[in-house]
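Each chain, letter by letter, is given below.
Protein chains: 6
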Amino acid sequence: MEQLFDQYLLESSRTSTGRTITEADIVLHAGQTGDFYPHHMDAEWCKTQEFGQRVAHGTLILSVSVGMLAGEINEAAFSYGYDRVRFIAPVFIGDTITSKATIVAKKDHAKKPDEYGIVDEQVTVTNQRGETVIAFVHVYMVRKK
Amino acid sequence: MEQLFDQYLLESSRTSTGRTITEADIVLHAGQTGDFYPHHMDAEWCKTQEFGQRVAHGTLILSVSVGMLAGEINEAAFSYGYDRVRFIAPVFIGDTITSKATIVAKKDHAKKPDEYGIVDEQVTVTNQRGETVIAFVHVYMVRKK
Amino acid sequence: MEQLFDQYLLESSRTSTGRTITEADIVLHAGQTGDFYPHHMDAEWCKTQEFGQRVAHGTLILSVSVGMLAGEINEAAFSYGYDRVRFIAPVFIGDTITSKATIVAKKDHAKKPDEYGIVDEQVTVTNQRGETVIAFVHVYMVRKK
Amino acid sequence: MEQLFDQYLLESSRTSTGRTITEADIVLHAGQTGDFYPHHMDAEWCKTQEFGQRVAHGTLILSVSVGMLAGEINEAAFSYGYDRVRFIAPVFIGDTITSKATIVAKKDHAKKPDEYGIVDEQVTVTNQRGETVIAFVHVYMVRKK
Amino acid sequence: MEQLFDQYLLESSRTSTGRTITEADIVLHAGQTGDFYPHHMDAEWCKTQEFGQRVAHGTLILSVSVGMLAGEINEAAFSYGYDRVRFIAPVFIGDTITSKATIVAKKDHAKKPDEYGIVDEQVTVTNQRGETVIAFVHVYMVRKK
Amino acid sequence: MEQLFDQYLLESSRTSTGRTITEADIVLHAGQTGDFYPHHMDAEWCKTQEFGQRVAHGTLILSVSVGMLAGEINEAAFSYGYDRVRFIAPVFIGDTITSKATIVAKKDHAKKPDEYGIVDEQVTVTNQRGETVIAFVHVYMVRKK
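Chains as they are written, first to last, in full-length UniProt numbering: chain D, 1 to 145; chain G, 1 to 145; chain S, 1 to 145; chain U, 1 to 145; chain A, 1 to 145; chain X, 1 to 145.
Do not take every clue at face value.
The list treats identical chains as one, so a pair stands whether inside a single copy or across any two.
List time: in silico DSBU-like cross-link candidates among lysine-lysine, alpha-carbon distance up to 30 Å [said to hold, decoys possible]: (1) Lys47 x Lys111; (2) Lys145 x Lys47; (3) Lys47 x Lys112; (4) Lys144 x Lys111; (5) Lys47 x Lys144.
It is worth saying that the hints were derived from the structure and are not from the lab.
Excised from the complex, chain D in its bound form:
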């Protein structure tokens, strides 16, 4: 598939399928990143803390959110980065998250305005209770032709 800069429509949006975040996901993410903080790994200590239970790593939720939205490949787009990633509410074991992405801004690429545009996609991830758990802007560089 090839979707050029002009074909991105402001306010158009897409939604991922749901994904239940499991204890196994947290164990695997600790293993991949080396972050074994007790907030994620020590159920007993967590009982004494504000949330009362283990919390998923922020990078796990960010990574899964991005992955869940990786649908058909657009050969004209490149992932440029993320802006304003904010951890808004904790994700617990057994929570089910869904990602919604909306095109919120388009502009020319600063140095190569004839060739590329920049597309900002606002991603909002909610849990099964409708609470937003993480929000961020996924920035793409997209070919114009």
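Got chain D sorted already, so can you dock chains G, S, U, A and X onto it with the hints?
The following block gives chains G, S, U, A and X in isolation, referenced to the frame of chain D:
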């Protein structure tokens, strides 16, 4: 450990140990996120592309960078989010990355200035050739007392 | 070990040890195969469906069944394929499955009848309630001498 | 998405993206299934055998092939089983496989002909040299309305 | 960091953070080691046994205990081995373990007494009820200068 | 299977199949244990060290050795612990290890001599060059009747 807002020193920095990004890391990250794009998973297709080989997921490098810097726990600090995450150069299988984090800004928390401050830590991740591969600001909310 | 074609006895059977299918198995299998369908990964959506809960991937149950029966190596036998693989009942998280394999047919290899025979092993996998969850024929090519 | 029985067209086909089978995939599949046969796990012993190197598990290739074709969900279809799964050529570490699926047969469901049809999808998996490594028929039960 | 033999103080001790042993850990350890004994993998069979539930592999608890104590690297020390590893009580899914290590003996290296010393660190691992589950001596060879 | 104390024969031995230790095994073991020391994870740093390359974790080799010898279950025996675990030579990525276990001692259980005996099994693990990489005594408690 408890490091309060006042104890964060501007321009102080810390550096992680190195970590070689392996084919296994990419396979596991695809499995965790569901992103099986050929850029990461199809060595044959990659031969026909600009980089000539498989490239690590951006979220893998971001997650590992954050995890590699997760040293002693500061009970007074909370991960608030990331700003200006930028994928600057690709990370290939066998590349070894190192993360350096520097305190670049401190300010009061907008709504609770007596209780909390915001600390910006600039993270720069380099490969074994000294090239920057990813850069981002890790934003912490830190108790003042 | 070397068990030749003549040494396979019709109606002889063997049984595996039991294996509890865990949430971690499903998460790992999704990660290995790339199949993140909500039937396996979204506990909330599953509550609205016929079975009311997440279901293991068919290929997970098939793979584990074959693996559980991989006992001592027979150097005279080669796995040729599977016939009539049928998913009969769902396997849920926490179900414990056991595989029973019975030799149900033997015949000469069509092209090399002096060298090889074909052995059909009927595999039936049951859960802890005695219900059959999957059934298939494992077809082996076995040396005659 | 809902694709009813009538909407499946004989001889229509779809093709997956490529997937390089890695040493990590084999290690993970051994770990998931419990099949640690030296054919998959012992590089030294494999040097003395016909293929000269480690070979992927048949169930790994079958599972990945099925997963790679798991595109958009058809809520009207159910995976019924597989027929005539045949391991035709070995898959080695570093081989890249691609799956092609073609509708080859349609018929009424024997017991519920008004409600369901059976669709046979022939799946052929090839490596980067164009050799077929595995072939099988994926059988679906599809609602008629 | 470099901590020489003389800097190890008898009776000094250190304690790890806690770690909840999960079902996922057991599944992954079975997969890494190939030990799929029903004591670890078959919840139904375990119900009929003394402990009534699945038990973590001894090597899992030993490995995690050693890993949890791997803090800052001492470039003057080498892991020499373990003495008197004893499995004292079972670890169940959901138990949280903590490791305490105490220097209990120091002596010269038998063959190179001017260059190296041997340090014995007694490791005791307890669960959330304060019961010791495993104990062992971690033996280090440490440079004298 | 039930093998009582009297049925263990001094000097009887058994040998495992071979197992190639892969980069994926090391990545997974770091992830399971939290030991991300550069000796195992940083190929660049290792180039500057004595061995010139990454080395497998000692607990990985110990765990795999024990797992590779976990054959048929003896319902009369319990794993009691390990004695004199010694890391003799490094295991590198791609090395293939084989375990040999020999009964070297039998004695009565100190407190319950009528019911149990203690069996010492010397395990020696060698690589593909015939070098011993790890050695230890696996201690079993075995019922007498």
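Report the numbers of all earlier hints that the structure fails to satisfy, in ascending order. Failing hints: none at all.
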